[in-house]
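Participant: Given the sequences, and given the hints that come with them, work out the whole structure.
If you read the protein sequences in the order shown, they are chains A and B.
Using my numbering, read the first sequence as starting at 877 and increasing by one per residue.
Using my numbering, read the second sequence as starting at 877 and increasing by one per residue.
It is worth saying that the hints were derived from the structure and are not from the lab.
Since the structure is predicted, the reported quantities are computational estimates derived from the model, not experimental observations.
There are no misleading hints in this set.
Note that identical chains are pooled: a pair holds if it fits in a single copy or bridges any two copies.
Calculated lysine to any residue pairs in the SDA-like style (CA-CA distance at most 20 Å, straight line):
#1 Lys1114 to Met1004
#2 Lys1038 to Glu1120
#3 Lys1275 to Gly1300
#4 Lys1399 to Val1348
#5 Lys974 to Arg882
#6 Lys1029 to Met937
#7 Lys1275 to Asp1306
#8 Lys1275 to Gly1301
#9 Lys1353 to Glu1400
#10 Lys913 to Asn1141
#11 Lys950 to Ser1388
#12 Lys1181 to Glu1156
#13 Lys1090 to Phe1222
Listed below are the residues making up each chain.
Number of protein chains: 2
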Amino acid sequence: MSRKKRILVIGGSAAGPKAAAKARRIDNDAEVVILQKDPDLSMASCGYPYYVGGYFDDRNMLLSTPTGVTRDPKFYLNAKDIDARTNTEVTSIDRDNKTVSFRNLLTKETGELAYDKLIIATGATPRMPPVPGVELDGITTLQSMQDADFLRKVRDEKCIKKAVVIGGGLIGIETCEALQLAGIELTVIELLPQLLTFLDWELAKLVETHVKSKNVNVITGNGIAEFLGENGKLSGVKLANGTELPCELAIVAIGVIPNVRLARNASLTIGETGGIEVNEFMQTSDPDIYAVGDCVEVLNRLTGKKVLAPYGDLANLQGRVAGENAASQNIVTFPGTFQTGICKIFDFAAGSTGLSESVAKKLGYEDIITVINASPDKPGFMEGMLLVTKLIAERNTGKILGAQCVGPGNVSKQIAQWAMAIQGGLTVEDLVNSDLPYAPPFSLAIDHFIATAHIMQNKMKGRLNGISSMQVHEKLKDNGNSFFLDVRGPDEYEEMRLGIGETLIPLGALRSRLGELPEDKAKEIICFCKISLRGYEAAIVLEANGWKNVKVMEGGIMAWPYPREK
Amino acid sequence: MSRKKRILVIGGSAAGPKAAAKARRIDNDAEVVILQKDPDLSMASCGYPYYVGGYFDDRNMLLSTPTGVTRDPKFYLNAKDIDARTNTEVTSIDRDNKTVSFRNLLTKETGELAYDKLIIATGATPRMPPVPGVELDGITTLQSMQDADFLRKVRDEKCIKKAVVIGGGLIGIETCEALQLAGIELTVIELLPQLLTFLDWELAKLVETHVKSKNVNVITGNGIAEFLGENGKLSGVKLANGTELPCELAIVAIGVIPNVRLARNASLTIGETGGIEVNEFMQTSDPDIYAVGDCVEVLNRLTGKKVLAPYGDLANLQGRVAGENAASQNIVTFPGTFQTGICKIFDFAAGSTGLSESVAKKLGYEDIITVINASPDKPGFMEGMLLVTKLIAERNTGKILGAQCVGPGNVSKQIAQWAMAIQGGLTVEDLVNSDLPYAPPFSLAIDHFIATAHIMQNKMKGRLNGISSMQVHEKLKDNGNSFFLDVRGPDEYEEMRLGIGETLIPLGALRSRLGELPEDKAKEIICFCKISLRGYEAAIVLEANGWKNVKVMEGGIMAWPYPREK
Chain A
877 MSRKKRILVI
887 GGSAAGPKAA
897 AKARRIDNDA
907 EVVILQKDPD
917 LSMASCGYPY
927 YVGGYFDDRN
937 MLLSTPTGVT
947 RDPKFYLNAK
957 DIDARTNTEV
967 TSIDRDNKTV
977 SFRNLLTKET
987 GELAYDKLII
997 ATGATPRMPP
1007 VPGVELDGIT
1017 TLQSMQDADF
1027 LRKVRDEKCI
1037 KKAVVIGGGL
1047 IGIETCEALQ
1057 LAGIELTVIE
1067 LLPQLLTFLD
1077 WELAKLVETH
1087 VKSKNVNVIT
1097 GNGIAEFLGE
1107 NGKLSGVKLA
1117 NGTELPCELA
1127 IVAIGVIPNV
1137 RLARNASLTI
1147 GETGGIEVNE
1157 FMQTSDPDIY
1167 AVGDCVEVLN
1177 RLTGKKVLAP
1187 YGDLANLQGR
1197 VAGENAASQN
1207 IVTFPGTFQT
1217 GICKIFDFAA
1227 GSTGLSESVA
1237 KKLGYEDIIT
1247 VINASPDKPG
1257 FMEGMLLVTK
1267 LIAERNTGKI
1277 LGAQCVGPGN
1287 VSKQIAQWAM
1297 AIQGGLTVED
1307 LVNSDLPYAP
1317 PFSLAIDHFI
1327 ATAHIMQNKM
1337 KGRLNGISSM
1347 QVHEKLKDNG
1357 NSFFLDVRGP
1367 DEYEEMRLGI
1377 GETLIPLGAL
1387 RSRLGELPED
1397 KAKEIICFCK
1407 ISLRGYEAAI
1417 VLEANGWKNV
1427 KVMEGGIMAW
1437 PYPREK
Chain B
877 MSRKKRILVI
887 GGSAAGPKAA
897 AKARRIDNDA
907 EVVILQKDPD
917 LSMASCGYPY
927 YVGGYFDDRN
937 MLLSTPTGVT
947 RDPKFYLNAK
957 DIDARTNTEV
967 TSIDRDNKTV
977 SFRNLLTKET
987 GELAYDKLII
997 ATGATPRMPP
1007 VPGVELDGIT
1017 TLQSMQDADF
1027 LRKVRDEKCI
1037 KKAVVIGGGL
1047 IGIETCEALQ
1057 LAGIELTVIE
1067 LLPQLLTFLD
1077 WELAKLVETH
1087 VKSKNVNVIT
1097 GNGIAEFLGE
1107 NGKLSGVKLA
1117 NGTELPCELA
1127 IVAIGVIPNV
1137 RLARNASLTI
1147 GETGGIEVNE
1157 FMQTSDPDIY
1167 AVGDCVEVLN
1177 RLTGKKVLAP
1187 YGDLANLQGR
1197 VAGENAASQN
1207 IVTFPGTFQT
1217 GICKIFDFAA
1227 GSTGLSESVA
1237 KKLGYEDIIT
1247 VINASPDKPG
1257 FMEGMLLVTK
1267 LIAERNTGKI
1277 LGAQCVGPGN
1287 VSKQIAQWAM
1297 AIQGGLTVED
1307 LVNSDLPYAP
1317 PFSLAIDHFI
1327 ATAHIMQNKM
1337 KGRLNGISSM
1347 QVHEKLKDNG
1357 NSFFLDVRGP
1367 DEYEEMRLGI
1377 GETLIPLGAL
1387 RSRLGELPED
1397 KAKEIICFCK
1407 ISLRGYEAAI
1417 VLEANGWKNV
1427 KVMEGGIMAW
1437 PYPREK
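Facilitator: What follows is the structure in structure tokens.
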């Protein structure tokens, strides 16, 4: 009698266990085996920063089911009939004989295991900067359970005074929050000119201002040149511009590299992005081998190009697809990603779906139109909080290409709405009359999402001549060529103002004070208010009164990414 | 010289001011006039319950812009160049001469005003029960600013001990929360067998349990027969079944009737629903007259049928469309509604978009499939809270017809996602791989929304043989014909259980304890757990071991709408 069909999964973090569980449910007769290099299984790795930050204290919550059962080999065996072997590293794949070789990292025993279908879920490894001193004690990442344990210990022991986070991406910023909560003096260093590169510059700058308001130092446009040490211990970092920052701890978060060594050694096709190439069935160049999670490249559904998208949610979805296909045949597909993401940043969140303006331009999208909208998420009487959204659309079709949102308001809901709009292939015209759930505890009567579509529609119809804060900032150099008109009330002006040489005329007084505006009707007038809704109304009044070159600064003062006078 | 084009708006609550403001922005030369019967303008009427409940104390927040400027006639004149006249009731429309007659309710002066385009936004009036005693002192609605003032006074003065809310719909439930917060002993009476009829029964029942847990009495399936009084003052209500409930205050919230008297007297077409008939341009049967807001009927975008949908968000969107068309020509359209709605109920929210199962069935949809999913909105370590969703789809196409969600979790985001999915015409197959914003502070790795699509997909593929809690409850009468299998852990069972004669075998022990299951492999076995994820895995194990009639109770114990033993 022939042996049972064996589905072998390499990797037990996120995508692997999901694939194994799905395979088990589809084929109850198969033998399902997970070989996991780490001592733990199915770790909630996206939760590490919150454990380090002390949002919760029970480490086991990262490793257990919602009812508190640890997802260990015994759990996998009893609850799922899956043979999960931890501390077991796969050393090679023999495609001709359909076997893998493995080694137990504790016992050093080696062995071979045959497979009928193989699922590779080897994940990714943190990128390390190629600079001297990287081997010093006190340099870590936040990628593994061990890293989380180490940083949690740092938090609890309160011995470390100064730390540097290398990399201002998603993980860097999350780590930064975690350690700031521990009372550590922090500096974030980012080689690029901005934090969070999934955002366009002007929104990233709002995040940066928020991070700085939490007493975290932020250095952008400057990379690390060297880790400095004393007696094998980290004592500081030296930046490319020569600055030296003393610190006892450095957390490296400059991205991850797909773990493709096993796949490459087995001559599976590796894509140009550096991830394992898979088709829509999550199948590699070998029909008997699937690959899922951070080690693969996936299709960007908007651009049709392959990208690396190491996100926990996609890993789970891919695992589900590969598990089913490996257990039966290629029947379900994974369509790819819109690269939707979000992160918490102290009291802010920042999220994005689809393309940013800068990515769209890099990819050659030429006829795009963007708009920035700032408004609260709920009415003031329900303690609404600010949202700043940038929307990117195709100018000729109005098709939504991307949206990004930052602020203390409900960013997650906004991004979810945009993600679904993009998935549905909807246009600006479709969205101006969307029917969303409205009640004051949850949104404005015209939700921020719909209002953003309204502003974009006005811009596309030529009714709103928008100008970005960055363009306005450029104009400050051409002293006197533009007239800056703040149309808020005097109290608001007293409380907060740009201080760029603006003139204050409240909207309600504008019609009777037109004489205070430039006589030259061709002169550029740039209107704004707190969020630029009144700025828009002011522009209409001015245009109706003969001024020919009136613009509205999008997002108003709330979206101004530069320092303000007040 | 001919006079300016005049756009006349009847009604100044929500849709009217929006239409007027949009008309002004589109045509800066036109004269825009609002005639408003009430003393206030542009009231945030959806906020009344929260003012009454004491979420905020500044009454002016309901009547002012975000920066605190009251939206009074002076504001409309100065900021928007709109002539808004309050306390001014329109008494008739003369379509032949294109004039309206009006009367000032304070000065009693009357007058006439010509229009080029007329926009009717007369709103709706609360329905009153046709029973004796309705004129007694102490009976109110929560529809106007005056009502809100009255009920806020009730809250602040703390003189009233007992109140009855007639009607368990959205406004009734919101009012109920407001008054409960004021320490008033409350009873809600609903003629139908359930609260919140936009939900299906089993979800409404979960809301009812929550309302009752706040010490509010709920009486369903019983209407009011009479208001009882002493000396002209309300002393109680008598129900259809004879019950008498003493109370000093009754709030009637049994729905609203569109105010169509003016339109009907002017021989404009009134639809079968009782609302003013309008086309996609929000234009009535008279091309010079538009109508918007609670007084019109609108298209249900799923069914193609006209419905009454008196929601504040739709009123604003319709106002924007009518304002633009009246100011220029018919260029923009309002596509209709998916009847998306939400309300806060103490620590719960309840929302819905599209069709409920019961409405779909009434409308003749025959081949539909439903599923219930219960799961937290976020990981346990981020204090995730429960969501219970019911999804309704077309069986043959997988097209989403409707979704409803209740619970303490982030219901608003869930419903927004479903609303966008329905608007995009997406199917279950599309949604199983949606790319939503994931990070632990905001969602599970597989969001509740996607998990719901997964369960539906499993059901559609025949992998999950679901059974509703209601069907299970029916089976309790056929004593012994079904075997109820709870597959949770002993601790969980000790803490909470149904007590319907179930057998407890934890999932992890199931494979080794199959001997405890019915010998008859044809016997019906109904599996469940807290949310029925483990229940689903148990069913797969049992089927693999030869049992032929295994079902999973959808939503598990968390979606069980009946009393539990524990």
